[in-house]
Structures are given as C-alpha cells and as structure tokens.
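**Student:** For the protein sequence lines, the chains are A and B, in the order given.
Each number in our numbering corresponds to the 1-based position in the first sequence with 35 added.
Each number in our numbering corresponds to the 1-based position in the second sequence with 587 added.
Just so you know, these hints were derived from the structure itself, not from any lab.
Note that this is a predicted model, so its numbers are computed, not measured.
The beta carbon of each residue, even a glycine, is placed where N, CA and C say it ideally should be.
It is possible that some hints are incorrect.
Quick look at which bits of chain B chain A covers, simulated, 3 or more residues with Cβ under 8 angstroms [said to hold, decoys possible]: (1) 635 to 646; (2) 674 to 683; (3) 819 to 827.
Here's the letter readout for the chains.
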Amino acid sequence: MEASRPRSDPGLAELVDRLLDRGVVVKGELVVSVADVDLLYIGLDIVLSSVESLRRRIEDPGEELAEG
Amino acid sequence: MGLHLYLIAAAGQRPPDGLTGVDGVPVVALEVDGLLVWTTAHARRPRPSLSRLRSHDRVVRVAAEARTPLPARFGQWFEGAGTLSRAIRERGDTYRRDLSALEGAVEFGVRFVTSGREPSPDGPADTDDPRAGATGSPTSRSAGAGRAYMTALARRHAAEREDRRREAETAARVRATLGGLVLRERVEPCRDPECVARLTHLVAGDDADAYRAALERFETAGGGLELVVTGPWPPYSFVS
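Okay, chain A solo, but in the shape it has when bound (with noise of 0.2 angstroms):
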C-alpha cells in the first residue's frame, strides 16, 4: 500500500515563490513562460531557475534540490 504524500509546507511554497518570483529586480530580467506552467527567470547574466520545477523538488524531497 502506497503512503500517503504529506503536504507541502505552505509557508515554504510562499517561500519559494517570493524569493524566485518577486522582489525587486535591479537589473534587466527576461521571464519567459512554458505552456503556461514553468517560469524560467533568465537573468542577464544567466539567472536561471523555474518556480515550478523548485516547488516540485520541495514537494518530493526525493528529487535534487542542494542544500546550500
């Protein structure tokens, strides 16, 4: 029997989502999105990340995500 999945801490989503979604961006920043899912948030100067496959590693800790 499969185990149940715990939810997401919702507070760590937010964090997530404000820290690679939000806040001021001084220098010039391209966003392109992905069928409407993944944001990829490519920088000048090779900022690369995407809120979506981020959350998705902290939903299922068994995918990569470095810690620091």
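Once you have looked at the hints, place chain B on chain A.
**Tutor:** Relative to chain A, chain B alone:
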C-alpha cells in the same frame, strides 16, 4: 569576487554587526546616492537552494525589524561595486519613492481552500486527444474521439469559468470582511484543485493582528472555506 544582492534600504540603515547571509558570508552595505544596498561577496554566483533562500530571507527580515526595505529577488549578481552602483543609480528615485510608500508595511499570503472538491479536468485524456492520432492508431482519429475531445474541452472551459466565478466571489467577500485593513492586493493564480482563490495583501504592520483576526472571523463565518495564511512577510510582492 562578485556581489549577491539582498535588499535596498534607506539611508542610515546598516546591517547589524555580525549579520551573515548566504553561505555564512558577512553582510556588507554599499552606499549609493543615499541608499544602502545590502550584499555579500562570493567567488561564484550562489545558486538557488533551500538553505540559501532561507538565508536570503533571514537577512531581509533582520532589516525589516528596523525599517521596511525593498527586498530583492534572489539571484541578482553583480561583478563588483561599480556595476551594482550604476544599476542602483539608474532607478534611485523609484527606490526612494517605494521605500517611503512601503514604510511599516508587511504582506500576507492567503489561500482559500475547500476540502473534498473534485479536481478540475485539466484537459482531454490522451486517448481522446486528436493530436494523438498523428502517432497513434487510426481509430484515435475517429469521429468518436473527436466528440470526446470536444466534450472534455467544454467541461474544462466550464470548470475554468466556475473557478473564476468562485475566485471573484471569494475575493469580494474577503474584501468586505477586511475593510480598510488591506492597503494593496494581488490576486495570484491557484496551483492546486483545492484552491478557490489565492490573494496577497499588503497591510500596515500595526494592523497585522487586526488583519489576522478579521481573517479568522471570515473563516468561522462559514462558507465551507478553510484559510491558509502565511506571513507577515517583508513586502516582496509589492515592490516595483
């Protein structure tokens, strides 16, 4: 060495002694035209990770304890102080205006969820998708498959209309409950089927307790919605 940016603060707002940020590096303030920009120096750009995001947020929160800063999005990296100073100067007036406008304010995230809700159809099933016919069996291009596709599409659109109606209704009800406690509001997209609406509110720090109490009244008033509230946060969502 390059600089990782945390926040823009008003004149005189220096980091407390011993404050460290990402990877335990001491936070240093750079003064630019009367603004103070909090940074840490690194040999390489810090890549996003949970511990680094937490460290970044902690620095912003330490600053916010004294005076509301403009929190910076994680990942902004400058080759040196000169590059950063030029970038700040370009929009210095905007930053000063935002600092003044946001002084004393915090933000909250509120997610309105209902339990036992059936997930919205997220699109036609693969076997009903006519696009599958290009590589699937000839029968997948049948008229039946086309009807199933259109039916699924109609269901999806109806569900989306209902979602938008419930979101607007919920937002209007919560606005009526919160009254003048909300300075500004952002309506955010829901990301899970249980979510009815997701809002971010800018609230005066002095009103934070009254705001939370009003949300509790909203929840206990019924309507079948549970509220998931996070905050107070520094005003990440309300900077230019």
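**Student:** Each hint: holds or not?
**Tutor:** A quick look at each hint next to the structure:
no., hint, result
1, 635 to 646, "holds (count 9)"
2, 674 to 683, "holds (count 4)"
3, 819 to 827, "holds (count 5)"
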